[in-house]
Amino acid sequence: MQLFVNIAVLASIYALICCGYVLIYRVSRVLSLAHGELMMLAAYGLYATASLFSQHPLLAVAVAAGLALAVGAAVYAALMWRMTGESVLAAVLATIALGILLRGLMVLAFGTQTQYPLRDLGWANASFAVGSARISGVGAALVLGTALVYGGLFAFLRGTRWGLRMRAAGQNPLLAAQRGVRLHGIYALAWALATFTGGMAGMLIACDAGLEGTLVTIGLKAFPAALVGGLDSLLGALIGSLIVAGAEVLLIHYVDPLLSDVVPFLVLLAMLVLRPWGLFGSREELDRV
Amino acid sequence: MSAPRASGYLRTRYAQDYALLETRTQKACALAFAVLLAAYPFLAGPLALDLANQVLLGSIGAVALMLLTGYAGQISLGHAGLLAAGAFTGGILFKELGAPFWITLPAAALVGAGLGIAFGLPSLRLRGLYLAVSTLALHFIVIHAGAEYETRRGFSTGIVIDPPKIGDWVLRDARAWYFVLLAFALANLLFALNLLRSRTGRAWRAVHGREAVAEALGISVRRAKLAAFVVSSAITAIAGCLFAYYRGFVSAEAFSLYLTIQYVAMIIIGGMGSLLGAVLGTAFVTVFPYAIEALMRVGGLAERLSSIVFAVNYAAFGLVMLLFLVFEPQGLVGIWRRIQEWFLLWPFKQRPLSK
Chain A
8 MQLFVNIAVL ASIYALICCG YVLIYRVSRV LSLAHGELMM LAAYGLYATA
58 SLFSQHPLLA VAVAAGLALA VGAAVYAALM WRMTGESVLA AVLATIALGI
108 LLRGLMVLAF GTQTQYPLRD LGWANASFAV GSARISGVGA ALVLGTALVY
158 GGLFAFLRGT RWGLRMRAAG QNPLLAAQRG VRLHGIYALA WALATFTGGM
208 AGMLIACDAG LEGTLVTIGL KAFPAALVGG LDSLLGALIG SLIVAGAEVL
258 LIHYVDPLLS DVVPFLVLLA MLVLRPWGLF GSREELDRV
Chain B
195 MSAPRASGYL RTRYAQDYAL LETRTQKACA LAFAVLLAAY PFLAGPLALD
245 LANQVLLGSI GAVALMLLTG YAGQISLGHA GLLAAGAFTG GILFKELGAP
295 FWITLPAAAL VGAGLGIAFG LPSLRLRGLY LAVSTLALHF IVIHAGAEYE
345 TRRGFSTGIV IDPPKIGDWV LRDARAWYFV LLAFALANLL FALNLLRSRT
395 GRAWRAVHGR EAVAEALGIS VRRAKLAAFV VSSAITAIAG CLFAYYRGFV
445 SAEAFSLYLT IQYVAMIIIG GMGSLLGAVL GTAFVTVFPY AIEALMRVGG
495 LAERLSSIVF AVNYAAFGLV MLLFLVFEPQ GLVGIWRRIQ EWFLLWPFKQ
545 RPLSK
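Protein chains in written order, with the working numbering: chain A, 8 to 296; chain B, 195 to 549.
Quick caveat, the hints were computed from the structure, so don't treat them as lab data.
The reader is advised that the hints may include incorrect statements.
[Unchecked claim] Facing chain A, according to a computed beta carbon distance under 10 Å, are these residues of chain B, among others:
#1 Leu-204
#2 Arg-207
#3 Ala-209
#4 Gln-210
#5 Leu-214
#6 Pro-300
#7 Ala-301
#8 Phe-334
#9 Ala-339
#10 Gly-412
#11 Leu-453
#12 Gly-467
#13 Leu-470
#14 Tyr-508
#15 Phe-511
[What the hints assert, rightly or not] To be clear about the criterion: a stretch of chain B counts as covered by chain A if any three or more of its residues have a C-beta under 8 Å from a C-beta of chain A, and this derived list gives those stretches:
#16 225-236
#17 245-256
#18 515-524
Backbone N, C-alpha and C define an ideal beta-carbon position, used for all residues, glycine too.
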C-alpha cells in the first residue's frame with residue numbers, strides 16, 4: 008500500500024514537470040532543457056515572497072504563482088522568439104545556455120544553502136493516513152495539484168478559443184499564422200503555462216524536501232517520462248509519468264536503491280528502441296529515417 | 195579543396211591539388227606558427243602552460259565532436275560519457291591489471307569504438323532531437339556504471355593513476371606533457387583534415403546535407419553514420435584516457451553533463467563545420483573561466499566573492515553562449531572569415547559576382 012502511495016506521489020511530481028516539456032514542445036517544437044532551472048527559479052520566487060509576505064501565506068503563494076507565469080513569458084519575449092524557425096540544435100542549445108545562466112544567477116542571488124519555504128510560510132508538513140499507508144501533506148497537495156493542472160489544461164485546450172489557437176499553432180504553424188493566429192503570443196503563453204506548472208512542481212518539491220540544487224536534477228529526470236508518453240501528448244505525459252515512477256519505485260524497493268538516477272533513462276532508451284515516438288505521440292511528427 | 199587565396203598561383207600538377215599548404219605565404223605562416231608552438235613552453239609560466247595543455251587536450255575531443263556534429267550532422271549530447279568511458283577504461287585497466295599506457299590507450303580507443311556503435315545505433319532510426327536525447331540517456335548510464343565501479347571497489351573518492359612511463363623516464367613534467375599533447379592534438383587534427391577530404395568525409399557531408407540524396411548517390415547512409423559515431427567516439431575515448439593520465443585521477447563527478455555542454459559550446463562558439471572553429475572554440479571555452487577570474491581580481495571582487503566564483507563563471511558562460519547563438523551563429527570562425535574577406539577584398543566590400 009505504501010508503495011502505491013509512493014508511486015502516486017512520484018508520478019504526480021513527474022507528471023507536473025512533464026506537462027511543461029509537453030506544452031512547449033507541442034506548440035513550438037522546441038525542447039526546453041532549461042525547465043529544471045525555471046522550476047527552481049519559481050521555487051526561489053516562493054521563498055522570496057514567503058519572507059516578504061510572512062503574515063499572509065496564501066498571498067505569498069499567489070504572488071509566487073503569478074511570478075512564475077511572468078518569468079515564462081519573459082523568457083520567450085527576451086530570448087526564445089529569436090530562436091523561432093532556427094534549427095533544432097540551436098533552439099535546444101539556447102535553452103541549455105539559459106539554464107546555465109539561470110543556475111549561476113540563482114547561486115549569486117540566493118546562495119547555496121538549503122532553504123525551507125514551507126517553514127517560512129508558517130505551515131507544517133503534517134502527514135496523515137490513507138488506508139494502511141501514510142502520505143505527507145505536501146505529497147497530497149502534489150497529487151491534488153497534478154489532477155487540477157491536468158483537468159484545467161484539458162479544459163483549456165479543448166474548450167476555449169485560446170486553447171484552440173494553441174492546438175492550431177502546434178499542428179500547422181504556417182497555416183495558423185495565415186489565419187490570423189498571433190504565433191508569438193501563443194508561444195509566449197505556452198512558455199508561461201509551462202513555467203507555471205513546472206514552477207508549481209518546483210515549489211511543492213521545495214516545500215517537501217527543501218530547496219537546493221538537486222531540484223534541477225529532478226527536472227531532468229522527469230523528462231524521460233514525457234518522451235515515453237510521447238512528446239506532444241498531455242495524456243501520454245500522464246501515463247509516461249506513471250510508468251517511469253512505477254518502474255523507479257519498484258526497482259528501488261526490490262533491486263537496488265542506487266539505481267534511482269538511471270532508471271528513467273533506461274526506460275527512455277527501451278522506449279526509443281521500441282517506439283521512438285512514444286506511447287501516445289503522433290507518429291508522422293517524428294522525422295524518421 | 196578551396197581556391198588558393200593568393201593571386202598568381204596556378205595549379206600545374208595534380209599533387210598540388212592534394213597539398214594542404216599551397217602557397218609560399220601559407221608555408222611560411224605554418225612554419226612561423228610551428229616555431230611559436232615549439233617555443234611556447236619555454237616562454238610561458240606554469241599557469242599558461244597548464245592552460246595550453248588543457249586547450250590541446252580539449253581540442254582532441256572538440257575535433258572529434260566537430261566531425262560528428264559539425265560534419266556528419268549527428269547531434270550528440272553524450273560526449274562527457276565517452277570521455278568518461280575512456281578515462282575509466284584507463285583507470286580500471288591500470289588499477290586491476292597494472293597495465294601500461296601503450297595498452298590502456300588502444301583499449302580506450304576500442305571501448306570508445308564499441309560505445310560509438312551503441313551511441314550510433316539509435317541514429318539509424320532517430321534524427322535530430324530524439325537522437326540527442328538517446329545519447330543523453332547513454333551518457334547517464336555510462337556515468338552511472340563508472341560511479342558504480344568506484345563505490346563497489348571502494349575508490350569512493352576516485353581512482354588514482356600513476357603517470358605513464360617509458361623505461362625509467364616518467365612523464366610528469368608539464369613541459370613534457372605539452373609536447374606529448376601537442377603531438378596527439380596535431381596528429382588528430384591532421385587525421386581529421388585528411389579524413390574529411392576522403393570518401394568517408396565527403397559521404398558524411400552528403401548525409402548531413404540530405405540523407406535521401408546521399409542514398410541516391412550510392413552512399414550507404416547507415417554505414418556513414420555508424421562510421422562517424424565510431425571514429426568520433428574512439429578519438430574521444432583516447433582524449434578521455436589522456437585526460438585521466440594528465441590529471442592522474444579519475445572520478446565520475448568530473449564527467450558531468452556540464453562537461454558535455456562545454457564541449458558542445460566549444461563547437462558552437464568556434465563555429466559549426468570547421469576544424470579551425472573546433473580549436474578556436476576549445477581555446478575560448480578553456481581560457482574563459484580563468485579570464486573571468488582574472489577580471490574579478492582586477493576589479494577587486496575576487497576576495498569578497500571568492501566562494502561564488504564558480505557561480506559567476508556559470509552565469510557568464512551561459513550568457514556568452516546565448517550571445518553567440520543569437521548574434522553570431524557562425525561562431526569565431528565567422529568573425530575570422532569576415533576579417534579575412536575584408537583584407538582580401540580591400541578596397542571592395544563584396545566578392546565580384548562573376549567568379
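Quick rundown of the hints versus the structure:
1. Leu-204: violated (39 Å)
2. Arg-207: Because about 41 Å separates Arg-207 (chain B) from the closest Cβ in chain A, which is outside the 10 Å limit, the hint is violated.
3. Ala-209: Interface hint status for Ala-209 (chain B): violated (39 Å vs cutoff 10 Å).
4. Gln-210: violated (37 Å)
5. Leu-214: Violated, because the Cβ-Cβ distance from Leu-214 (chain B) to chain A comes to roughly 29 Å (cut-off 10 Å).
6. Pro-300: violated (28 Å)
7. Ala-301: violated (24 Å)
8. Phe-334: holds (5 Å)
9. Ala-339: holds (9 Å)
10. Gly-412: With Cβ-Cβ at 17 Å, over 10 Å, it is violated.
11. Leu-453: violated (12 Å)
12. Gly-467: violated (12 Å)
13. Leu-470: With a minimum Cβ separation of about 20 Å from chain A (threshold 10 Å), the hint on Leu-470 (chain B) is violated.
14. Tyr-508: holds (3 Å)
15. Phe-511: holds (6 Å)
16. 225-236: With 0 residues closer than 8 Å to chain A, the segment 225-236 of chain B misses the three-residue bar; violated.
17. 245-256: Not satisfied, violated; 0 residues make the cut.
18. 515-524: holds (count 5)
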